[in-house]
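Q: Sequence:
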Amino acid sequence: MSNFNLIDIVELINKANDVGIRITLDDDRLKIKVRKDQTVDSSLLDELKLKKEHLIAYFRKHGAAILANADPIRPAPRNGDMRLPLSSSQERLWFIDQLEGSTQYHIPTVLRLRGRLQVSALDAALGAIVDRHEVLRTVIAGEDGKAYQEVKPRGGWKLNVVDDSIFRKDERALRVGIREQIEAPFNLSTDYMLRATLFVLDAEEYVLTVVMHHIASDGWSGGIIVKELVEFYDAVTEGREATLPPLDIQYADFAVWQREQFTSPAMQQHMEYWKQKLGGVAALHLPADYQRPAVLSADGAISHFSIDKELTVVLHALSRRYDATLFMTLLTAFKVLLYRYTGQDDICVGTPSAGRNRQEVEGLVGFFVNTLALRSDLTGNPSFETLLLQVKDTTLGAYQHQDVPLEKIVDAVSKERDLSRNPLFQVVFALLNLPEAPALKLKDLTLLPEKVELTKAQFDLTLTLFEGKDGLSGAIEYSTDLYQEETIARMITHYVQLLKAIVAEPSAAVSGLQLLTNAEEALLQTFNTATEYKETTTIPEVFATQVESTPDKTAIVYEGQSLTYRTLDEQANQLAHYLHIKGVSTGTLVPLFLGRSLELMIAVLGILKAGGAYVPVDPEYPADRISFMLSDTAASLIIADSNSKHKLPQLADHVQVIVLDDDWPEINAHAKNPVNTILTAESLAYIIYTSGSTGRPKGVLVSHRNVVSLVKNVTYVSLSAADILLSTGSPSFDATTFEYWGMLLNGGTLILCPEHRLLDSGLLKEEMRRHGVTKMWFTASWFNQLIDTDISIFEGLSAVLAGGEKLSDEHVNKLRRTYPALSVINGYGPTENTTFSLTFHVDDRGIIPIGRPLDNRAAYVLDVQLRL
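Sequential numbering of the sequence shown, starting at 1, is according to our numbering.
The hints are simulated quantities; they were obtained by calculation from the structure and are not laboratory data.
Relax, there's no trap hidden among the hints.
Taking lysine-lysine and the DSSO-like style, the derived pairs with C-alpha atoms no more than 30 Å apart in a straight line are:
hint, residue 1, residue 2
1, Lys309, Lys451
2, Lys469, Lys49
3, Lys712, Lys672
4, Lys645, Lys672
5, Lys227, Lys33
6, Lys227, Lys443
7, Lys469, Lys441
8, Lys31, Lys49
9, Lys582, Lys647
10, Lys52, Lys227
11, Lys712, Lys553
12, Lys169, Lys441
13, Lys443, Lys169
14, Lys31, Lys51
15, Lys698, Lys582
16, Lys712, Lys806
17, Lys500, Lys15
18, Lys152, Lys408
19, Lys227, Lys152
20, Lys33, Lys441
21, Lys52, Lys31
22, Lys765, Lys553
23, Lys451, Lys469
24, Lys275, Lys146
25, Lys15, Lys33
26, Lys51, Lys33
27, Lys227, Lys441
28, Lys582, Lys645
29, Lys275, Lys408
30, Lys51, Lys309
31, Lys698, Lys647
32, Lys15, Lys451
33, Lys698, Lys645
34, Lys469, Lys227
35, Lys158, Lys227
36, Lys806, Lys698
37, Lys500, Lys309
38, Lys408, Lys277
39, Lys169, Lys451
All chains should be modelled from the sequences, with the hints used to inform the complete structure.
A: As structure tokens, this is what we get:
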């Protein structure tokens with residue numbers, strides 16, 4: 001016998017399973033079983049016969065999907081004292097239903113019937129199916145937290161017939177009626193697990209809506225019911241007995257048998273495989289449009305797409321090249337997408353398995369489908385072909401150990417439960433073959449399937465691909481608690497783009513595969529905007545223009561004292577002349593050893609007017625930090641006042657200390673006109689020291705251009721002469737760049753106050769009310785604290801900016817509910833980028849992103865390899 005292609009055999013077995021053909025191995029003899037009422041493509045049967053020896057070899061090595069010589073499932077005793085258990089899968093659904101309802105687990109089928117229908121025969125045929133399959137007339141009873149099955153007597157099921165003129169006249173009303181039937185909850189403790197409603201449209205047109213609960217059914221079951229419906233209906237209308245093979249067991253017998261298997265050595269061996277494979281699996285953290293709720297609801301939607309035949313053919317060829325199935329290739333591509341979206345190396349995806357690996361359950365309606373957890377390790381940025389071979393190995397291993405119900409694996413592996421996430425995996429992938437379905441006939445009736453979709457989601461995302469004659473079509477079912485439609489559309493675009501990149505270069509590293517389309521990369525040109533400054537771009541020049549515009553307006557207020565724009569300008573000019581004499585010129589670093597005061601702002605502006613750059617050094621800093629900063633600047637001149645000078649460390653003999661209040665008489669003797677200095681937009685304006693990533697202070701150099709671009713002609717916030725801002729930052733905090741110059745370069749009023757008044761919420765509110773403050777900046781933690789302490793502090797403000805760390809959604813939403821007219825702006829960015837680089841006006845979407853870049857800033861979303 002020639003060597004066989006392993007993957008071809010796996011695909012052949014799966015293809016046979018998909019159309020209901022069962023392959024068994026009995027004493028090394030291959031048996032192929034097809035139901036009498038089944039029509040099968042002869043070419044498939046020919047292929048099975050041709051590869052008979054290859055199939056036997058596969059089953060010898062890997063174990064047959066169905067072993068004919070295994071112990072059969074036998075009917076369980078049915079006496080009054082015995083309680084029939086739920087299967088493992090049923091038990092999980094029952095718990096879900098108890099917690100949150102289970103409409104997401106409804107399985108609907110809608111058929112349009114055309115022709116002469118005998119309604120009573122349809123009722124009898126469906127009733128006969130319910131009588132034949134116990135699971136459809138089984139209710140779930142519970143006692144002391146334990147559930148068990150109770151089977152209703154035969155003969156009680158009835159078809160619901162709706163004969164209402166509104167449905168005949170109005171197609172929209174009919175759609176609504178169908179939707180209501182589909183979404184009406186099942187009461188698992190009282191209802192039949194199959195309900196059917198017949199909408200009468202006219203004498204020869206009807207719509208039949210059949211809804212089953214997943215706890216009693218699965219996709220395979222739907223095919224059984226349709227076939228049996230045809231036979232029972234024909235039998236009733238022809239006045240004969242239906243010719244269907246007897247059912248040797250019922251679903252409850254399978255549930256009893258399954259429970260018995262959990263303690264078998266074979267099952268324990270399978271379980272050990274899954275424990276080893278899935279231990280410590282990480283939750284997938286996909287970026288979402290909305291904050292994940294504490295309990296994820298079942299609300300969902302579906303987006304559809306297609307992959308053309310040409311790309312499908314190439315994907316098939318690629319799969320064969322690596323001895324893989326198309327399923328494995330498409331799944332690997334999906335895992336690459338998840339990796340690129342999350343940056344996580346540990347990616348686990350669920351995939352459904354028919355779960356009917358026992359010959360006795362072939363013809364049973366019931367919940368047999370299992371879900372396999374397929375985990376991949378993308379550590380080290382592997383090539384696509386390397387990852388594909390890993391996925392292939394994982395998938396084949398999962399098939400060999402698929403007998404363990406997912407629920408049992410979850411119990412063994414998942415130590416902690418999170419109601420906002422499914423355990424083990426949050427996304428599901430499936431590939432289905434769609435053979436062209438023949439038209440169904442019921443005597444004189446034609447049955448035409450109607451498209452119906454549940455607006456429900458069992459997982460965060462479920463990607464299902466369907467292979468047909470025209471290529472691949474796909475659908476993503478997604479949780480609307482997490483995602484918007486446009487986000488899913490973008491995800492689909494990226495998946496298809498990845499597939500194209502993969503077939504072009506399968507040996508490429510997964511991080512190097514093209515993810516964005518050309519159109520998306522072009523979006524950066526509009527996202528990152530550049531504007532040309534039409535006005536002066538140094539702080540003194542812009543300030544001079546403002547003085548000319550509003551000379552008598554109050555510029556600064558501190559503890560009952562104030563300065564107008566003219567007075568501030570004149571006193572800063574006088575100080576600039578004095579500093580110029582002391583040696584300050586373009587680029588000179590001048591440490592400011594001052595606390596909040598009017599003198600602080602005179603000094604800041606005076607240094608800039610002299611051409612120097614100010615370096616705020618907080619007198620409250622530890623002595624070691626002060627010494628380091630003064631030494632690092634190599635400054636020859638320091639500005640202090642009589643309150644702070646005693647805190648200065650020992651200084652070198654060449655270092656001058658200007659004590660403003662002591663030296664002011666001398667300063668006041670200088671001219672009030674500007675100093676003639678050479679400044680450009682690129683000249684240094686200030687240095688602010690941060691703690692640095694190692695804790696060692698590091699100085700950040702900021703130019704005049706950066707300051708002006710932060711506060712002039714901006715769109716992220718309104719800054720005008722009508723604004724009054726209370727500064728919350730210490731002089732050495734980078735937020736003061738926005739506070740100081742946001743007011744002084746736009747004609748607003750800057751309020752300064754001692755730190756103790758800021759830290760006491762009562763005094764803070766008093767300060768804000770006294771001055772009529774309109775805008776403020778807060779650190780995120782302080783912002784949260786104030787909302788918890790006294791939210792009325794924010795009353796009267798028109799805008800609040802906050803940042804420094806991630807904002808609390810809970811606190812922001814509380815503030816917005818209390819003061820809906822208040823604009824809340826998230827500011828994001830490091831000190832190195834001048835206070836913040838991006839902003840976001842908080843809206844009702846439920847999450848707070850970092851927003852869009854300010855004008856003349858550029859922002860990019862990169863992965864760990866720094867790719868877009």
